[in-house]
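Trainee: Each chain is listed here by its residues.
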Amino acid sequence: MIGELLAAVLQLVLVGLGAPLLIGIVRTLKARLVGRRGPSPWQPYADLRKLLGKERVVSTTTSWIFAVTPTVLAATMLVSALIVPLVISRPALGFAGNVIVLMYLFLVGAFFLALAGLDAGSAFGGMGSSREVAVAALAEPTIALAVFALAMRAGTINLGGVVERVSADPWLALAPGHLLAFAAFFIVMLAETGRLPVDNPATHLELTMIHEAMVLEYSGPDLAIVEWAAAMKLFLFMSLLANLFFPWGVPTDAGVATLAVGAIVLAAKLTVLAGLLAVMETAMAKLRLFRVPELLAGSFALALLSVTSMFLLR
Amino acid sequence: MTIVTYVLATVVGLAAGFAGVGGMLGVGMSWRLPALLPLGGVSLVLDPLAGVFLAMIGFAAVPASLYALGDPRQARRGRGAYLLFVGAMAVVPLAGNALTFLLAWELMSLASYMLVVHDREAREAIRAAWVYAVMTHAGVVCLIAGMLLLGTWAGSFEVDAWRVAAPGLAAGSRNLVWTLLALGFAVKAGVVPLHVWLPLAHPAAPSHVSALMSGVMIKLGVYGLIRISLDWLGDGPLWWGAVILLAGAVSAMVGVLSAIVDRDLKRVLAFSSIENVGIILIGLGAGVLYHAAGLPALAVIGLTAALYHAVNHTAFKTLLFLGAGAVVHATGTRDMEALGGLIKRMPWTTACFLSGAVAAAALPPLNGFVSEWLTFQALLQNLLIEQPAVNLVFALGIAALALTGGLAVACFVRAFGISFLAVPRSDASAQAHEVPRAPRLAMTMLAVTCLALGLGVTVIVPALARVGTDLVGVVGTLALGDALVLDVSGNFASLSVPVIAVALALAGLGVFGGLVVTGRGRARPYETWSCGRMLQTPRMEYTATAFANPFKRVFDFFYRPVQQIDIAAHPASRLFVQRIDYANPTRSLFDDWLYRPLLAGVNRGVRVVRVLQSGSANLYLTYILLALLVMLVFA
Chain F
1 MIGELLAAVL QLVLVGLGAP LLIGIVRTLK ARLVGRRGPS PWQPYADLRK
51 LLGKERVVST TTSWIFAVTP TVLAATMLVS ALIVPLVISR PALGFAGNVI
101 VLMYLFLVGA FFLALAGLDA GSAFGGMGSS REVAVAALAE PTIALAVFAL
151 AMRAGTINLG GVVERVSADP WLALAPGHLL AFAAFFIVML AETGRLPVDN
201 PATHLELTMI HEAMVLEYSG PDLAIVEWAA AMKLFLFMSL LANLFFPWGV
251 PTDAGVATLA VGAIVLAAKL TVLAGLLAVM ETAMAKLRLF RVPELLAGSF
301 ALALLSVTSM FLLR
Chain G
315 MTIVTYVLAT VVGLAAGFAG VGGMLGVGMS WRLPALLPLG GVSLVLDPLA
365 GVFLAMIGFA AVPASLYALG DPRQARRGRG AYLLFVGAMA VVPLAGNALT
415 FLLAWELMSL ASYMLVVHDR EAREAIRAAW VYAVMTHAGV VCLIAGMLLL
465 GTWAGSFEVD AWRVAAPGLA AGSRNLVWTL LALGFAVKAG VVPLHVWLPL
515 AHPAAPSHVS ALMSGVMIKL GVYGLIRISL DWLGDGPLWW GAVILLAGAV
565 SAMVGVLSAI VDRDLKRVLA FSSIENVGII LIGLGAGVLY HAAGLPALAV
615 IGLTAALYHA VNHTAFKTLL FLGAGAVVHA TGTRDMEALG GLIKRMPWTT
665 ACFLSGAVAA AALPPLNGFV SEWLTFQALL QNLLIEQPAV NLVFALGIAA
715 LALTGGLAVA CFVRAFGISF LAVPRSDASA QAHEVPRAPR LAMTMLAVTC
765 LALGLGVTVI VPALARVGTD LVGVVGTLAL GDALVLDVSG NFASLSVPVI
815 AVALALAGLG VFGGLVVTGR GRARPYETWS CGRMLQTPRM EYTATAFANP
865 FKRVFDFFYR PVQQIDIAAH PASRLFVQRI DYANPTRSLF DDWLYRPLLA
915 GVNRGVRVVR VLQSGSANLY LTYILLALLV MLVFA
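Chain order of the listed sequences is F and G. According to our numbering, the stretch in the first sequence is residues 1 to 314, in order. According to our numbering, the stretch in the second sequence is residues 315 to 949, in order.
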C-alpha cells in the first residue's frame, strides 16, 4: 500500500517536474545537431518561473471558459500521469482507465483549449483552434488501431496488462506488427504534441503555427500552466511509446528499489526517444498544413497493416 | 388549454418513464383487446427491451413539455399533434402485434409530419415536410410488406407467434423479411443513405419537437432493428450484423462530416443525431455479429453499449435541441454566423448547452464518453471470431468510431465556440436575453441527467446488460469490481468514471488553488491582441465557415465543394470593385448520385405509364373488362 502510494507520488513528480526537462533536452539536442551551443536543458524551468512571476492580462472579450481552460488542461494531464505506466506497470489509477480513456482525456484538453482559442474573438485563436482539432481528429483512428493491435497480442487493453504481457515475452516487442504499430503511434505523437513536421514548436509566425496561435491570448501564470501542460503531454506520449511498445524493465511491484530502477529505465528510454525526436526534427522541414493529412493517412495505413499482420500471423 | 395539454404530456411522460423503468427491471405486463380492431386487435406487451425505450420516451417528453410550457404562445399551434406524437411513440415499443405496431408507427409519423409543417408560411418547412412524408411512407411500405409476409409465413400477426415460427422458416424468406423490415426501420433511424429527410425535418419543427424527434423518435428505428435482428426473426446469419455495423460506421462518419460544415445550429444537431445513430448501430452490429458467431456473452456487451448510447444520446440531444431552441427564441436566428457572445447574455443556457456539447463530443466524465468507451470494448474483442473478413469489418468499425469521436470534438468545439463565445456577430445576438424559468429548469434537469448517466455507470450498465441477457439468453461478461469499477470480460478492460471524475476535480482544484494561494489569480483586463489594430469588431472573429475549412479541404472527395466568386465592378472601370459575392457550398453526394438518378428514373417510368391514362372513359371501361378477364383466367 505504501509502495503504491510512493509509486503514485513518484509518477506525479516525474511528470510534473520532469516534463520541462524533457523539452529542454530535446531543444539542447536539436541545437547541438545544427551546430549551435543552445540553451541549457534546464532553461524551460527558468521560462516557467519567469512566466509565473509576470502579470496576467486577460482580454475583456473572454469568458470563464478562457479562465478555467489552463486548469482543466493541467488536471487532465495530472490524472493521465496516474494512469500511464511510468515506473510501475499498474499505477494508482491504472484500474480506472485504459488507453481509450487516455485518448479521450487528451481530447478534453484539446476541446477546452480550442474553445479558449475562440473565446478571445481574434482570428489567430480561431485559426489555431480549427487546425488543432482537425489534426487531433485525424490522429484518432491511428491511435485506436494501434491500440487494437496491442490488445490483440496482450488479450487486454488495460495498460498494465499490455505492459506485463509483453514484458513476459520480451521478443514480442520486435514482432513486425508491433513495430508497425509503434511507427504509427510515433507519427501520431508528433501530431498530437505539436512537433515537426506537423507544427513547429519554435515558431512564432502566426500563419504557420497551430498550438501557438491557439494560446496566443494567454499570458503570465496562465501561459505558464498551458506550456507546462503541453510539456506534460509530450512526456506522457513519449512514456506511452516507451513503456507500451518496449516495456522492458518496467517493474510490476512497488518497492523502493524497484521504483528507482523503473525511474532510471524510463529516463534512459526517454533520452533515446528524445534523441530520435531531435534527429527527426532537425532532418525534416515543416509540412504544409494541408499535407499533414497525408502524413496521418500514412500512419493510419501503418496501423492498419499492423492489425492485418496480426490477423494473419495469429 | 395549451398549458393543460403540455401538463398532460408531462404526466404521460412521467407515467411512461416509470412504467418503462419497471419493465426494464423485469415487471412484465400484457394487455390485449382483440375485439377493438380487425386483424388481431390491439395488443400491448411490456418486456425489458420495450421498457428501455418506453423509459427513454417518457423521460425525454418531460423536459420537452416543460420547455414548451415556458412559452405557451409559441407552443400553441400543434399542441394536439404533440400530445398524439408523445402518446403514439409510447405505444410503439409496447406493440404486441403487427396491427398495433403499424398503427402506432403511422400515427407517430403523421403527428410528427404535422409538427414539421407547423410553420405553414415557410417554404423550407413545407419542402422538409414533403420530403419527410415521402421518405417515411417509403419506409412504412417496407414495414407493411415485411410484416405481411412474416405474418403470412408464420401464420399469425402476433409477435409471440413470430418468435416461435421464425426458426422454422426458410433462410431465404427470413432474409427477405429482415431486409424489408430493416429498410423500413433504417429510414426512421436516419441511417445513411436513407437519412436525407432528417436534416430537413428536424430543424423545421419547433425546438421541443425537434428534441423529441432527434432524441427519441429516431431511436424507435433502432428499436425495430434490435427486434428483428435478435428477437422476432430468431438467430440470423453473420451478414445481418456486418450490414448493421458497416451501415453504422458509414452513418457515423457521414453524419459528423455533414455536421462539421453546416451553418444552421439546429441542422448541425440533426446531423449529429445521424452520427450518434451510427455509433449505436456500430455497437448493435457488433452484438448481432457476436450473436451469430456463437459468442452470446460478447453479444450482450455490444447490445448493452448500443442501448447505453441510445439512452445517453436521448439525454444530451434533447438537451442540445432545447438549448438551440433557447438560442433561437432569444435571437431569432439559427445561423451560427449571426450568433456569438451568448455566454455573457445567456449564462444559464450556455452552461447547459456546454454540458450537452461535452457529452456529445464523448468527453469524460459525461455520459456520451462512457457508452462510446463500452462500444470500443465490444469491438476490440473481435479476435475471438476467427474469420479475417469479419475481423476486418470490426477493424473498420474501430477506425470509424475513433475518427467519429475526433470529428465530433471538432464539431462541438465549432458549434459551441462560434455560437456562444467571443463577440456577438449580429444585433439580434447582442440583444439576446436569458430564457424564462421553465425552459431553464428543463435544460438543467437534462444536464444533471447527462452527468448522472456518466457517473452512474455501475448502476446503469448492469440494468441494461440484463435487458441484453433477456434477449440473448446468456449473461454478459460485464462485472462490477471494487471502487465502482466496471470490468469488461474479466481483465480485458476496466473503467471507473467516478474515480476519474473525482481525480480530475481534485487535480483541477489543486492547480487552481495553487494559483490563487500564491496570489496569481488576479488579472488585468485588457483588449484582445490583434496586430495593433484600433478596435475589435465581430468581423475579425473566426467564422463557422472558416473553422470548417480544413475539414472541407481534407475530405473534399466527400464535400466536393465549389467556389463561386462574383465580382461586380463599376461600369467605368473594372478596377473599381463595388461588390464581391463569394460562396463555397458543398454538394450532397447522396442527392447527386442516388436520389436524383432515382427520381429521374421514377419520372421516366411514370411518363411511360401515363400513356395508359388517356382521359377517355370508354378506354377505362375496357381496362376494367380486361382486368376482370385476366383475373377470371387465372382464378
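Just so you know, these hints were derived from the structure itself, not from any lab. Treat the hints with care, since some could be wrong.
Heads up, simulated SDA-like pairs for lysine to any residue below, C-alpha to C-alpha not over 20 Å straight-line [as the list claims (entries may be wrong)]:
(1) F/Lys50 to G/Gly833
(2) G/Lys658 to F/Trp64
(3) F/Lys50 to G/Thr832
(4) F/Lys50 to G/Val831
(5) G/Lys658 to F/Val58
(6) F/Lys54 to G/Gly833
(7) G/Lys866 to G/Asp905
(8) G/Lys866 to F/Phe290
Trainee: Each hint needs a verdict: does it hold in this structure or not?
Mentor: Okay, the hints, checked on the actual structure:
no.	hint	result
1	F/Lys50 to G/Gly833	holds (15 Å)
2	G/Lys658 to F/Trp64	holds (9 Å)
3	F/Lys50 to G/Thr832	holds (14 Å)
4	F/Lys50 to G/Val831	holds (18 Å)
5	G/Lys658 to F/Val58	holds (16 Å)
6	F/Lys54 to G/Gly833	holds (11 Å)
7	G/Lys866 to G/Asp905	holds (18 Å)
8	G/Lys866 to F/Phe290	holds (11 Å)
Violated hints are absent here; each numbered hint is respected by the structure.
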